[in-house]
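Student: Below are the chains, spelled out letter by letter.
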Amino acid sequence: MDTMQQPPRPARKVQNISPKLVIWIIVAVVLVMLVLSSFFVVDQTEQSVVLRLGKYNRTVGPGLQTKIPLGIEASYNVPTQVVQTMTFGYRAANNASSLFGRTDYDNESLMLTGDLNIIDVQWIVQYKIEDPVKWMFNVESRETTLRDISQSVMNKLVGDLPILSVMTSERTRIEVEAQDNMQKVFDNYGLGVRIVTVKLQNIVPPIGAVQDAFEDVNKAIQDMNRLINEGKQNYNKIIPSARGEANKLIQQAQGYASERVNQATGDVARFNSVREVYEQSKDITRTRLYIETMESIINPSSEGSVTLIDKTLANFLPIQMLEGGAK
Amino acid sequence: MSTATNKKLITTLIVVVVFLVIFVLLGPFYILYEGQQSVVTRFGKIVNFEQDSGLKFKMPLIDTVVVYPKKILSWDGAAQRIPTKENQFIWVDTTARWRIADPAKYYETVNTVNNGISRLNDVLDSSIRTIISENFLNEAVRNSNQINNIKIEEQVQSVESNEDAETLRNLTVTQSRQETITIGRDGLSNMMFDQAKQFTAGFGIELIDIVIRQIRYSDDLTESVYQRMIKERNQIAEAYRSYGRGQLAQWQGQTESEEKQILSAAYSQSERIKGVADASAAEIYAKSYSADPEFFELWRTLESYRKTIPGLNKVLSTDMEYFDLIYGKTVKD
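So the protein sequences, as listed, match chains A and B. Quick note: the first sequence, position 178, residue 188 per this note's numbering, numbers continuous. Quick note: the second sequence, position 14, residue 16 per this note's numbering, numbers continuous.
To be clear, the hints were calculated from the coordinates, so they are not data collected in a lab. Note that the structure is a prediction, hence the values are computed from the model and not measured. It is possible that some hints are incorrect.
[Claimed, not checked] Label pairs and their in silico Cβ distance ranges:
#, chain 1, residue 1, chain 2, residue 2, range
1, B, 192, A, 44, 38 to 46 Å
2, B, 247, A, 266, 39 to 47 Å
3, A, 306, B, 282, 24 to 32 Å
4, B, 248, A, 178, 21 to 29 Å
5, A, 35, B, 44, 38 to 46 Å
Idealized CB from N, CA, C, for every residue including glycine.
Please model the entire structure based on the sequences and the hints provided.
Tutor: In structure tokens form, the structure reads like this:
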């Protein structure tokens, strides 16, 4: 019985409350939606362009901003503080701007130089959106326009220079002129961007045999230096030692000279002294000298053997004994 | 409040909302956003066009609004293989900017944006082809004659004398005088632009520019250019290597020459020193010995005996003066 009686009461309640509640709920939901849709958030890196009924009304900065809801005002956030990068000739993988893990786009980067050679030029362009209104409403395909003009300007500059200058001395000039030229064209379009920088990356001859040939020139320069150094090495190995050798020869000669002169002086001094005595008593000295000399010559302790013989054999001599004594 | 009044209220609300929606959908207003322009037609006839953004009016139900972009549009041409005046085939890749300047005329003659692009294809492709094939390759590649004012030379490194560096530079020079151009790439772009502009104006299109995005050789020509570049590099590499070998030989020669010079000079000097010494020794001896030649003979002979004889194995005759006394001779016989 209880179960039969109880259900009608809640049902009646619902019936009683529902019309008012539905209206209030609808009104509340509409209000909440209106309030929510009249606020929007602008990031620190952005500016927001507000259109009222399709017409430009104002530009607002970062923070919580308000607009008239119900589609009367529309807002577009534009990242004006962010420096954006475009690469030409390659695309970095996974958005990392490293040179590793990247794909080359040869059709963008192969160019004719002024001396009708072919070169592979890769570069980047960094830009910032300077005027969000112009950026939003002046040019339709903005990325394409940026790419097209950048490519065209770079091709024109490289096409005006010889290949060696592009690779070496004129790099900076190309960067500066490319930036100027691009900026002029974009200003002319009213694109609302400012080119922050143009940087040339790899500038290389076409990959393959041509690049190898360029590489070979570097190798040839190394070879040249190696050969020259070999020559110098050989020179350094021989000449200083030859100079020493020469000094040695001269020193030796000087030594010989001193020796020779000193010897002569000594010999002469001795000779002179003895001669003085000889002059005083010629015979005595002569005989003395003779005997002294013989003595030292026939001295048994001298090295050679001495054999005495009688020329006429008139006298007998104990030869054997003399021989033995000589030993 | 009774349920009847509530129901009435809801019904009124719904009716109001439905009417509002119908009015707005079919109604006299439409929003033209920034970067848009519109043409209003009534039964197919153009009655109005709008180029400023904002809330715009039209006759409900009977007027149709066609919206066009007012922004600058880009035209991306396919690369064309075109012979130049000297009959070299090159790929020319161009791009152009344009905009719908007169929406009414555009509606009449072109109608949709895609149609506009195909009209541009016809007009631009033909003027690009005409201009390129009427001019020499150099006019399309270069933009000025500055190339002839730039001095190109190899970076000659690690060469000692200026003379050698000069020789190497002369050997490796690759610069050749380029033909003088009179129009240049920008000039050609302008000529294309002028030619195409006359036709596009009739479509209500304003052509803003035509730029050459890229110029490339045809594939067979590319190959022969590669070959030429390779040969040029080979020649330079050889110059360096040959110069290196030359320097090595020169160093070797110089080494040998200097070595001989040094040693022979030293020999000559040492012999001279010895000679002078010998001479002065001889002089010293002569001066002293000539005082008494007789004694000199005695002295020198005895000195010489002393030096030479002791080492010999001697067989002496007993009748030498030294042995006189052994046999009883008197000293003064």
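Student: A separate judgement is required for each hint: does it hold in the structure or not?
Tutor: Do the hints match the structure? See the list:
no., hint, verdict
1, B:192 to A:44: 38 to 46 Å, "violated (55 Å)"
2, B:247 to A:266: 39 to 47 Å, "holds (45 Å)"
3, A:306 to B:282: 24 to 32 Å, "holds (31 Å)"
4, B:248 to A:178: 21 to 29 Å, "holds (26 Å)"
5, A:35 to B:44: 38 to 46 Å, "holds (44 Å)"
Comparing the model with each numbered hint stated earlier shows that hint 1 is the single one that does not hold.
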